Amino acid sequence: MLNTLLPILLFAALGLAVLGAGKRFLMWRRGRPAKVDWLGGLLAMPRRYLVDLHHVVERDKYMSRTHVATAGGFVLAALLAIVVHGFGLHNRILGFALLGACVLMFVGALFVAKRRRNPPARLSKGPWNRLPKSLLMFSVSFFIATLPVAGVLPADFGGWMLAAVLAVGVAWGVSELFFGMTWGGPMKHAFAGALHLAWHRRSERFGGGRSTGLKALDLDDRQAPLGVEKPTDFTWNQLLGFDACVQCGKCEAACPAFAAGQPLNPKKLIQDMVVGLAGGSDAKFAGSPYPGKAIGEHSGGPHLPIVNLGGKALVDAETLWSCTTCRACVEECPMMIEHVDAIVDMRRHLTLEKGATPNKGAEVLDNLIATDNPGGFAPGGRLNWAADLDLPLMSEKKSVDVLFWVGDGAFDMRNQRTLRAFVKVLKAANVDFAVLGLEERDSGDVARRLGDEATFQALAKRNIASMSQYRFNKIVSCDPHSFHVLKNEYGELGGHYQVLHHSTYMDELIGAEKLNLGQHKGGSVTYHDPCYLGRYNGEYEAPRAVLKAIGIEVKEMERSGFRSRCCGGGGGAPITDIPGKQRIPDMRMVDIQQTGAELVAVGCPQCTAMLEGVVEPRPQIKDIAELVADVLLEAPAPAKKPVPAKPEALEVH
Amino acid sequence: MTDLNIITLVSVGAHPTSGRARRAEQDARAVELGLRLAGERLQLLHAGDPREETLRAYLGMGLGEMAVLEQPPGADALPVLADYLRHAGAQLVLTGSQAETGEGSGMLPFLLAEQLGWPLVVGLAEVEKIEKGQAQVLQALPRGQRRRLKVRLPFIASVDNAAPAARQSAFGPARRGQLQASEVAIVDDSLLAEAQLQAARPRPKRLKVIKAKTGAERMKAATAKASGGGGQVLKDVSAQAGAEAIFKLLVEEGVLR
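Chains as they are written, first to last, in full-length UniProt numbering: chain A, 1 to 653; chain B, 1 to 257.
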C-alpha cells in the first residue's frame, strides 16, 4: 500500500511546490526590472551558498553545524526519496543511502529542536517552532518507510496500521518541506534564499568582494519613481531578497536602534516587506515587534503605499527614520539581505515626493542646497579653521600627491582640533598635499542617507567638477563618511578616485618611516570602529596598527571590528532624532567603559561628536590623528637619519 | 479648509549667509498659510522670469502650477499684479512682508492694497474663520501678542515670521510642477531706473547696560516690554480733537514740518 501511496504523496507535493514556485516568482516579478545575470547567477549560486553564505553562518558554530546536518541530510534524503519511493527504484544501496541521509537529517533536526526549547528573543516563534517537528517527522517517516527497501525489515512489516501512520508522517513532512517551501512556510527561506543568492542585487559581495555604496537613482528618467512608495516600486530582486529572510533575528540582535528602544527592528521590517509583497496584515508575525508598536495594527499590499503619513499603513515613517545605516544588520544577515538599501529607498520617496523628512531634516537639506554645508554656515568660512596654518590650496598648486578632503567638520570646533592635528602630521611627514578650500562642498553623505538623492547628486557633481580641474594621486580624509562616499558612491556619477582614510594613510606614512614618533603616555586606550570605515570599507587593521605604532595596546571592546556597535551618528539619525528608551551613544559608552579604558580612540567626526555628547564622567575621546600629533617628535635636521624609534614601534601589519 | 479663492504672491529669495537664490522665507510661510486654508486649490503668482528654477521650490510644497507674469528684471511688478488680481476674483491675497531680493522695500502689500482699494492686514498669523464675506483673523504683534481682527473680503494680508513655518519643499512635485507664463504689458519702474542703490549700513545697536543686581531684576529686564514712556490714550473724543492730537504729535516727532 505504501508503494502506491508514497509516489502519489511525493509527486503531489512536488507538483504543488512547482505551482507555488511559479506563483511566488510572479509575485517577485511585480517589482521593477533589474539587470541580473540569469544563467551565470544560477551557476554561481552553489558556490555562493556553500562558501559566502556559509562564512556568515559559521560565526555561530552551533547553528552552522546544525544547518549543515539538517539541510545536507534533507537535500540528500529528498533526492533519494524521489528516486527510491517516487520512481520505485527499490535498490538496497540507495535504500541504505537514504537511511543514512535520514539519520543525518534527524540528528540535525534534534539540534534545531534543542535550540527551540528556550529560544533567544531574536528568534521567531509560531510556524518556526513547528519546523523542527516537521523535520523530525520527515526524517523518521522516511527512515521507517525505507527500512524494507534496505532489506532490514520485511516488505509488509507493520501492516495497514504502520502504513497509515507512515503516510500521515510523510504527508506532514513533504507538506512542510516540499510545497511549504514555495507557499510561504518557514522553508521558504531555502527556495527564495537560493534564488536570491543567484540574482542578488550586489553580486560583487560574493567571493570576498565588498559592495556597500548606495545605488544611484536615475533622475533623468522622468518615468522612474523617486524611491519606493509601494512594494512594487522595489526592484524585483529586492522583493526576492526580502522573501529569503529566515527570521533568525541576527539583525535584530545587532541593531543599535532596536537596542535603544527606537521603533525599528530590521527583521520585522523585512517581514513587513514580505507582507506587502503578498498582501495582508502583520498579525501573523511571530517575532519581536518594533519597540513600542503593537503587532497586528499594520497591513499593506503590493500596490498600496508602504507609509501613510496621516495614519497607519504597512510601516510607520519613524521606523524608517530610526535607522543609522550602520549596516550591522546586513553584516550579520546569513541570507545577505540588503536592509539599508531598502530603508534608503523608502526614505527617498518620503523626502523627494512627500517632503516629509522629520525634525531637523528639512532644515539640514535646505542648508545643504543653499550653503553646501548642513549647518547653514556662510560658505566663505569653510577654511577659517586653518586661517593660521597657511594650507596649500589646489587652486594654486594644481597638482599634488595628496588631496586632503577636509569635510564639513571644518565648521565644527571640536573637529577642527582633529583637522589641525592631522595637518600637523602631514606637515611633519613632508607630504605634498593641498586642500580644495572654498571649492570643497559637503560630500552629500547626509543628504543621500536622508533620501535626498537630488541634493546628493547636485553636490557630488559639483565636487567632481571641482576635482576634475586638478591632478592628485589620492584623496585622504579624516571623515569616514566623506571617504566612503568619495570612494564608493561618486563612481556612478563619474568620479573615480583612490581614497584613503587618514588612519590608513598615517599607517602608510609610519610604514615608510616618514614620521618620527614618540610613545603614547597616559592610560589605557580602546578603539571604536566607525561603521563607515569598518563595515562599509573593511578597514579594521590600519587604525589599530597606527595605535600600536605609538605604543598603544588597544583594549578591545566586546563589540569591535565588524561587530562594532554604531555611535548613533550615521544615516542622519541625529538629525531625524527619533525618540527611544535610551540613546545609542550612551549604550556605546557602556561598551567602552566595560574595557576599563581611560581614553577611546576614534576616527570619525560623527563618532567624536556622539560619544563626547555622553555626560561625564566617562573616558576621554580623541581622534587617532590627535593621538599621533601628540607624540610627534620635532623633526631632526633632514641631513641625518632620524633616530629610529624603538623597532617594535615601527612594526606595521 | 474653505472654498476660498486664495492667491499667494511669491518672489525669489536669497539665503542670508550664502546669498544663493532660494524660496523666500516669508513668502514660503505665506504659501504654507494658503495651503492650510485652501489646500491644493491655492494659486501662486509671481511677476518675473518664468524660467527661474528657484520658483519650483514653492511648487515642491505640493502645488501643480504657478502663474508667472513674464517681466524683465527691473520692470515694475505693482501694476501687473494689481491688474491680475483685480480680474482673478481673489478673496484673499497673501504675501510676505518684505522681499529678500530686489528693492525689498516692503511696500508692495501696501501699494497693492491701495491700488485695489482692499483692506490690508500686516503680520497675519492665523485665519480663524471665514463666514458671510468676513474673515476673523489673528494679527501678530510683538512679543507673541495676538490681536483678533474682523476683515471683510477680499483683503490682502502680509505674513512675517509669526506665521507657521513653511513645509519642506520636495524634489518630485517641484520638478513636475508647471510655471505657466503669461505675457503682460511691461511697465518700466521709473523710480528704480533713476534712483541709486547703495548698500545698507548696519544700524548701530544701543549697548545694553544691565544694572540689575538680583536674578529677579535681570529676569524682569530681559522680559519687560520696551516701554515708550510717553503717549496717551484718547477715548471718546470728537474726530476733530483726535485729528488735532495726531497732527500735534506728528509735528512734535518731526514727521510733518
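Hints should not be assumed to be uniformly reliable.
[As the list claims (entries may be wrong)] One side of the interface only, derived from the structure: several residues of chain B facing chain A at Cβ under 10 Å: (1) Pro16; (2) Thr17; (3) Arg20; (4) Arg23; (5) Gly48; (6) Met61; (7) Gly64; (8) Phe171; (9) Arg176; (10) Gln178; (11) Ala181; (12) Ser182.
[Stated by the list, open to error] Distance ranges between label pairs, derived from CB positions: (13) A:Ala34 <-> B:Phe110: 38 to 48 Å; (14) A:Ala378 <-> B:Glu128: 53 to 63 Å; (15) A:Ala224 <-> B:Glu65: 50 to 60 Å; (16) A:Ala378 <-> B:Arg143: 46 to 56 Å; (17) B:Ala165 <-> A:Arg210: 50 to 60 Å; (18) B:Glu128 <-> A:Leu304: 47 to 57 Å; (19) A:Phe562 <-> B:Gln145: 19 to 29 Å; (20) B:Arg218 <-> A:Asp220: 27 to 37 Å; (21) B:Glu52 <-> A:Ala378: 51 to 61 Å; (22) A:Asp220 <-> B:Glu52: 13 to 23 Å.
[Unchecked claim] Counterexamples of contact, computed for chain B against chain A with all Cβ distances above 10 Å: (23) His15; (24) Arg22; (25) Arg175; (26) Leu192; (27) Lys211; (28) Thr223.
The hints are simulated quantities; they were obtained by calculation from the structure and are not laboratory data. Everything numeric in this text was worked out from a predicted model, so none of it was measured. C-beta atoms are modelled at their ideal positions from N, C-alpha and C, and glycine is treated no differently.
For each hint, the structure was consulted:
no., hint, in the structure
1, Pro16, "holds (9 Å)"
2, Thr17, "holds (4 Å)"
3, Arg20, "holds (5 Å)"
4, Arg23, "holds (9 Å)"
5, Gly48, "violated (19 Å)"
6, Met61, "holds (7 Å)"
7, Gly64, "violated (14 Å)"
8, Phe171, "holds (4 Å)"
9, Arg176, "holds (8 Å)"
10, Gln178, "violated (14 Å)"
11, Ala181, "violated (21 Å)"
12, Ser182, "violated (25 Å)"
13, A:Ala34 <-> B:Phe110: 38 to 48 Å, "violated (59 Å)"
14, A:Ala378 <-> B:Glu128: 53 to 63 Å, "violated (40 Å)"
15, A:Ala224 <-> B:Glu65: 50 to 60 Å, "violated (23 Å)"
16, A:Ala378 <-> B:Arg143: 46 to 56 Å, "violated (30 Å)"
17, B:Ala165 <-> A:Arg210: 50 to 60 Å, "violated (42 Å)"
18, B:Glu128 <-> A:Leu304: 47 to 57 Å, "violated (37 Å)"
19, A:Phe562 <-> B:Gln145: 19 to 29 Å, "violated (59 Å)"
20, B:Arg218 <-> A:Asp220: 27 to 37 Å, "violated (59 Å)"
21, B:Glu52 <-> A:Ala378: 51 to 61 Å, "violated (24 Å)"
22, A:Asp220 <-> B:Glu52: 13 to 23 Å, "holds (21 Å)"
23, His15, "violated (4 Å)"
24, Arg22, "violated (5 Å)"
25, Arg175, "violated (8 Å)"
26, Leu192, "holds (26 Å)"
27, Lys211, "holds (33 Å)"
28, Thr223, "holds (27 Å)"
This entry does not satisfy hints 5, 7, 10, 11, 12, 13, 14, 15, 16, 17, 18, 19, 20, 21, 23, 24 and 25, going by the numbered hints stated previously.
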